[in-house]
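Keeping their order, the protein sequence lines are chains A and B.
No gaps in the numbering here: position 54 of the first sequence is 86 in our numbering, and each next residue is one more.
No gaps in the numbering here: position 28 of the second sequence is 35 in our numbering, and each next residue is one more.
In case anyone wonders, no lab produced these hints; they're calculated from the structure.
Glycine included, C-beta positions come from ideal geometry on N, C-alpha and C.
Among these hints, one or two may not hold up.
[Unchecked claim] Facing chain A, a subset of chain B residues (Cβ under 8 Å, in silico):
#, residue
1, 30
2, 36
3, 40
4, 47
5, 48
6, 50
7, 52
8, 77
9, 78
10, 79
11, 80
12, 85
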Amino acid sequence: MRPDYDVVVIGAGPAGSIAARTAAQAGLSTLLIEKRQEIGSPVRCGEAAGRDTLEKFIPLDPKWIAAEVDCYSLSNPQGDCVVLPSLEKTLVLERKIFDRELAHSAAKAGAEVVVKTRATGLMRNGDGVTGVKMVAQGEPREVHARAVIAADGTESQSARWAGLKSIPQLKDYYSAAQYLVAGVDMNPRICQYHIGWSIAPGGYCWVFPKGDRQANIGIVMWVDPKETKPAIRYLDEFIAARFPGKSVLSQVVGGIPITNVIPEMVADGFMVVGDAAHQSDPLTAGGITNSMQGGQFAAEVAVEAIKSGDTSAKFLKKYEQLWDAEYGKLYRRLYRIRHAFLKVPEDKISRMIADASRMDSQKMSLRDIFTIVLKTHPQLLLEVAPYFLGQ
Amino acid sequence: MTDKGGGMKEAEMGPTRTSTSELYVAVNYDHCSYCGACVAVCPPDCITLHDATLIVDTEACTLCRRCIPACPTGALTLEGVV
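Bound conformation, chain A alone (with noise of 0.2 Å):
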């Protein structure tokens, strides 16, 4: 490790290693750090991504891909269940490997990879920052950087050191856990989504499968201070009832910021990309591909900021910028969807369910679509319906 470099990213996530490898290509000295002493580990998501959209940033391979899925799955407590084609192919991934590989695509970039160091804090210079305070491997460092990518998840506190507005409100705030479970009978193409107040409040279960009769499954649900049963107990009853008596070779639990991004992403030396600037889309709370393209803008213009001599926070907004114009509308209306549908009774979404399931979904159009939200909970429409309608 030196004691300067162009870019220093913290955090070896997706998102982090997406945006070490892109300064690293374009020839700037890049250090890409990470806390834990191995990179992937432990995992903590729901593993699914579209495939079309992983393939544009590393190419595909089987050793990290656990599942191929073409079709996703609504179902009600009740047990009545739609089956939708998805809109882009779907993978099942390995993290453990994947993380490895985009971090090893960094190394092979030329970035500089090193585990167990964590950041410990920013370095200052009056409002700007100039580099990382971290322990690396048990000694203290302080290392220079023309700019610094902060990648450090849900708990990031770097964005708090360089005085961004990263708390997520409870509001905006997915309580998560999954579980690895085996000997799961399921259709290996189908990822299922299972959606009531009595599974999941606020939020959903999912099934998705692994390979080899293995399976995620998870619970995502609001954070209600009312509430007095973690995520967990959730999943526990959720499992009891469908999959009883199955082992569970793996347990994890985590945050999720679905804010719709935070109001600021930069700073003057320093961007934030990936969960720490809450870019897991706001409705399903997905992340994987959207916090690498993260990385990636962010690292595009933080090499053109170096290349030209100006990484003050003015210049970095372009970052935001390219940010809002690929998500921007689609998040701030996910982020309205899930709102509305927070006001929906489980019956009626049980309703609504049961009436799709009844149909032949292979020939169930939009309009059809629409006449059952419509008969069940027309003021559901009023707030989804712009867009389904692509406006």
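Based on the hints, put chain B in the right spot on chain A.
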């Protein structure tokens, strides 16, 4: 690792601590998975996560309680007597 304001000690004592008139957020380490879901929503940034250690700085804690429902495993509870 810093033991800020004796937070760890108090948290470890957990529900057995009743001799004080102050409320505090306690961590049940049998449930905690060190995921950091609580860290993100803590306004005064008084929860420190470092490997398999989670410390609530009870001096800095404002008892806003946002961390409690955010925890996916129910590891955080409000303890003490008024």
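Hint check results:
1. 30: Violated: closest Cβ of chain A sits about 15 Å from residue 30 of chain B, beyond 8 Å.
2. 36: violated (14 Å)
3. 40: holds (5 Å)
4. 47: holds (5 Å)
5. 48: OK, holds: residue 48 of chain B within 8 Å of chain A, min 6 Å.
6. 50: With a minimum Cβ separation of about 6 Å from chain A (threshold 8 Å), the hint on residue 50 of chain B holds.
7. 52: Given a least distance of 6 Å, the restraint on residue 52 of chain B holds.
8. 77: holds (5 Å)
9. 78: holds (6 Å)
10. 79: holds (4 Å)
11. 80: holds (5 Å)
12. 85: violated (11 Å)
Hint compliance for this structure: hints 1, 2, 12 are not met, and every other hint is.
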